[in-house]
Amino acid sequence: MIKSEAIQNLLARFESIACEYEGVECWSARELYPILGYAKWQTFENVLGKAKEACQNAGVETSNHFTGISKTILMPKGASKDIEDFMLTRYACYLVAQNGDPRKSEIAFAQNYFAVQTRVAEVIEQRLLDYDRVQARHKLAETEKRLSGVLYERGVDDKGFGIIRSKG
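Heads up, the sequence shown is in full-length UniProt numbering, so the first residue is 1 and it goes up one at a time.
Each hint should be verified, as a subset may be incorrect.
Unchecked claim - Straight line, CA to CA, 25 Å or less: simulated DSS-like cross-link-like pairs of lysine-lysine:
1. Lys77 <-> Lys50
2. Lys77 <-> Lys40
3. Lys167 <-> Lys145
4. Lys71 <-> Lys81
5. Lys139 <-> Lys104
6. Lys52 <-> Lys77
7. Lys139 <-> Lys50
8. Lys145 <-> Lys40
9. Lys159 <-> Lys139
10. Lys40 <-> Lys50
11. Lys52 <-> Lys40
12. Lys104 <-> Lys81
13. Lys50 <-> Lys3
14. Lys52 <-> Lys3
15. Lys104 <-> Lys3
16. Lys104 <-> Lys77
Unchecked claim - Label pairs and their calculated CB-CB ranges:
17. Ile124 <-> Lys81: 24 to 32 Å
18. Ala115 <-> Ala141: 51 to 59 Å
19. Ile124 <-> Asn46: 30 to 38 Å
20. Ala141 <-> Glu84: 25 to 33 Å
21. Leu147 <-> Gly68: 55 to 63 Å
Hints listed in this document are in silico derivations from the structure and should not be mistaken for laboratory results. Even glycine gets a Cβ: it sits at the ideal position worked out from N, Cα and C.
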């Protein structure tokens, strides 16, 4: 079992490499793979491939979550080299975690982390929808009060008000 301080360390490392790419919160796959316990990029590329396939199989546009970019790295003796990287959305990171090696404690952490983050997002979205619904009900109640006041002033009785209300 992964210890509390290790969890805090992984969380801090994961959040510290987050960046904004074209207005979207993203993570560099090259920076992410060592945090997830992978020693070699080539091994992690297999996980990326599975995650992309899962994204595609879910009917989601892969390029919206796995954006290929090129990075320049410094080589020994002052040379530089362009390498392939991917900017991963939070959803892409979730898919990477789901397709990673669950025997790695870092992957197990990431799987739980994204399950919780997904649930938090769902709860927030539901609360926003509930708030909007309550606000709409209040507005409807106020509008109906004003309408009934105007209708009663004009001599419409309860039966007439019911007919008007049922017609919309």
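Consistency of the hints with the structure:
For the hint linking Lys77 to Lys50, the alpha-carbon distance of about 36 Å lies beyond 25 Å, and the restraint is violated. For the suggested pair Lys77 and Lys40, the alpha carbons sit about 23 Å apart, so the restraint of at most 25 Å is met. Taking the CA atoms of Lys167 and Lys145, the gap is near 17 Å; set against the 25 Å cutoff, the hint holds. Taking the CA atoms of Lys71 and Lys81, the gap is about 8 Å. The hint holds against a cut of 25 Å.
Of the pairs offered as hints, the one joining Lys139 and Lys104 is violated, with about 53 Å between alpha carbons and a cut-off of 25 Å exceeded. Distance hint between Lys52 and Lys77 is unfulfilled; the C-alpha atoms sit about 36 Å from each other, more than 25 Å. Straight-line distance between C-alpha atoms of Lys139 and Lys50 comes to about 49 Å, which puts the hinted pair past the 25 Å bound. Annotation: proposed proximity of Lys145 to Lys40 is violated, straight-line Cα distance about 68 Å (limit 25 Å).
Under the criterion of a C-alpha separation no larger than 25 Å, the hint pairing Lys159 with Lys139 is consistent with the structure, at around 23 Å. Between Lys40 and Lys50 the CA atoms are separated by roughly 16 Å; this keeps the pair inside 25 Å, and the hint holds. Proposed proximity of Lys52 and Lys40 is supported: the alpha carbons are some 19 Å apart, at most 25 Å. A threshold of 25 Å between alpha carbons decides the hint, and for Lys104 with Lys81 the separation of about 30 Å lies outside it, so the pair is violated.
At most 25 Å may separate the alpha-carbon atoms for a hinted pair to count; Lys50 and Lys3 exceed this at roughly 29 Å. Between Lys52 and Lys3, the direct Cα distance comes to roughly 31 Å. Violation of the 25 Å bound is thereby established for this hinted pair. As the CA atoms of Lys104 and Lys3 are separated by approximately 14 Å, the hinted pair is consistent with the 25 Å bound. For a cut-off of 25 Å, the pair hint linking Lys104 to Lys77 is broken: about 35 Å separates their Cα positions.
As the Cβ distance of Ile124 to Lys81 is approximately 42 Å, the hint placing it in 24 to 32 Å is violated. Range check, Ala115 to Ala141: Cβ separation about 39 Å, and the 51 to 59 Å hint is violated. In this structure the hint that Ile124 and Asn46 lie 30 to 38 Å apart at CB holds, the actual value being about 34 Å. For the pair Ala141 and Glu84, the supplied restraint of 25 to 33 Å is violated, since their beta-carbon distance comes to about 58 Å.
The hint said 55 to 63 Å for the Cβ distance between Leu147 and Gly68, and at roughly 57 Å that hint holds.
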